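Required output: the full structure, derived from the provided sequences and hints.
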Amino acid sequence: MAQMKFMCDAERCIDCNGCVTACKNANDVEWGIQRRRVVTLNDGEPTEVSISVACMHCDDAPCMAVCPTDCFYKTDDGIVLHDKDLCIGCGYCLYACPFGAPQFPKQNAFGERGKMDKCTFCAGGPADSKEEEYEKYGANRIAEGKLPLCAEMCSTKALLAGDAQTVADIFRQRVVQRGHEDGAWSEVNRQGPDTAAARMDNLAYDATRQG
Amino acid sequence: MSLFRHVCIVLLMTLLTLGVGSQAVAQSADPGREISTSVGAADADTWRQVRSGEVDANYRDSRHDSNYNLINAAGQTWREIRNHWVTPFGLIAIGAMIVMIALFYVIFGRKNLDERPTGRKLFRWSALERTLHWSVASLFIILALSGLNILYGKYVFRSLFGDAVWGAMISASKVSHNYLGPLFGILLLIILAKFFKHNLPKKHDLAWFKKGGGLVGKGHPDAGFANAGEKVWYWLLATAGVAVIISGLVLNFPNFDQSRDTMMWANVIHAVAALGLTAVALGHIYIGTIGTEGSLEGMKTGYVDEVWAKEHHNLWYEEVKDQAVDAEQLDTPAAGEDERPAPSQPG
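If you read the protein sequences in the order shown, they are chains Y and B.
Mapping of the first sequence onto UniProt numbering: residues 1 to 211, in sequence order.
Mapping of the second sequence onto UniProt numbering: residues 1 to 347, in sequence order.
FYI, nobody ran anything at the bench for these hints, they're computed from the structure.
Keep in mind that the hints are not guaranteed to be accurate.
[Claimed, not checked] If you want a taste of the chain Y side facing chain B, the calculated C-beta under 10 angstroms gives, among others:
1. A2
2. V39
3. T40
4. D43
5. A65
6. Y95
7. F110
Quantities reported herein were computed from a predicted structural model and do not represent experimental measurements.
Idealized CB from N, CA, C, for every residue including glycine.
This is the structure we're talking about:
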């Protein structure tokens, strides 16, 4: 069985928010809820970097561990889904999640938050009919053999979604091409034509060649 | 004119050639040149900052209300405290209390009165005090049960009853907890204010502790209107109870935009204090009901037997013993059980 994962190649993300819009469009989520967000660190500085974040469908998911109603479950594909019929809107998953994935439509007195909503990896959720599923959780593209729309529509292919092994292979290939010592996550050494720096290439180079 | 045009064309050609030339250089993928224009990527300092959860002026998030950093490790700390410490030790505290009470009851049994009750009664709790007590007590029990269900229910009831029943159960727990909690808070503060005078520590309380409250064996240490054990319960409610109320309100009103970290810590304080109080409340319930002869009567009718008063609250008994009335007298409507005789108000 596949282990579904997202991977955002920070070197490629151009902060276009196409993934955010694609997600909104595919899942028709409630007003005020945005399952995917783009974070830009050091905005305007030479070290500026952008990363698209949503539910990371963790192996050891904190939301699952702290949920008082036990409404979370993992599909065979490693996708973390939740049952909105069981959710009581306590907000514990929101406390526990390191990625800020769980969101609530309301934030009212007496802990009235409504049902939690988060990225489903475009895999829907538990419901009796397709209509109900779409209403509650949004698209179930996985059932149609398609990947999440955010990744499919990413203009620079920064956001990858799919089986962890495949995603890792694609990223590894990119890293090898770029010549980074430790992937896209390190600072580019800008000095000297020699050594590691000389073996590096950049986004433009990577984008012109397949793989 | 034609010369000028010629010069222009030559210049343009030169520029174009230069342009094509530089483009050719770029396409030849000179690593050094490319590095100078590549995306910088975040350095170690940036990742340290991400880890710390802090957000600086150059942080952008495309979600309108989000002030989360990229990664928030604080939630993991909360998860560990809640799941690895609060959950098991809360169960141990409450379980140990139940076992201790059961053992105590089996070994020592009920604390009976040394003398036979005379049937002469002393007025102890007014109707208002009893109403307050039972309101707070009922709310406490509802909140304790719903709270325990929120913390432990999923390990028991989901597999036992199935999703439909469990969903209704846990939803009812959350709603009752959230709406009755503030009411409990208000009533607890009123009852704390009402019983404040009775529960000021006195010198003889130390002696009471030394004798273990006279819980085991014969003999009764000195006690006023409230004995030292009751005072401990009072001050636990006045400290841990108030902590439960405040932390509960922090959790219950997310509309004031308090941060997630504030709510996580409020949750830990709330759970620890509430579980502790629940464990101690079991002791209070035991002593007040099956554990001691004649105690429940006081909170039920407002009157206690003079023998009970003499044995359990001797100092208070000395103050009010001349106001004792016959039980038969209380049954007549003229006695007006809700009116406390004026001089009986103790210290």
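Hints, verified against the model:
1. A2: violated, 25 angstroms
2. V39: holds, 5 angstroms
3. T40: holds, 4 angstroms
4. D43: Cβ of Y/D43 sits 4 angstroms from chain B, so the hint holds.
5. A65: holds, 6 angstroms
6. Y95: holds, 5 angstroms
7. F110: holds, 5 angstroms
In this structure, only the earlier hint numbered 1 is contradicted, and the remaining ones agree with it.
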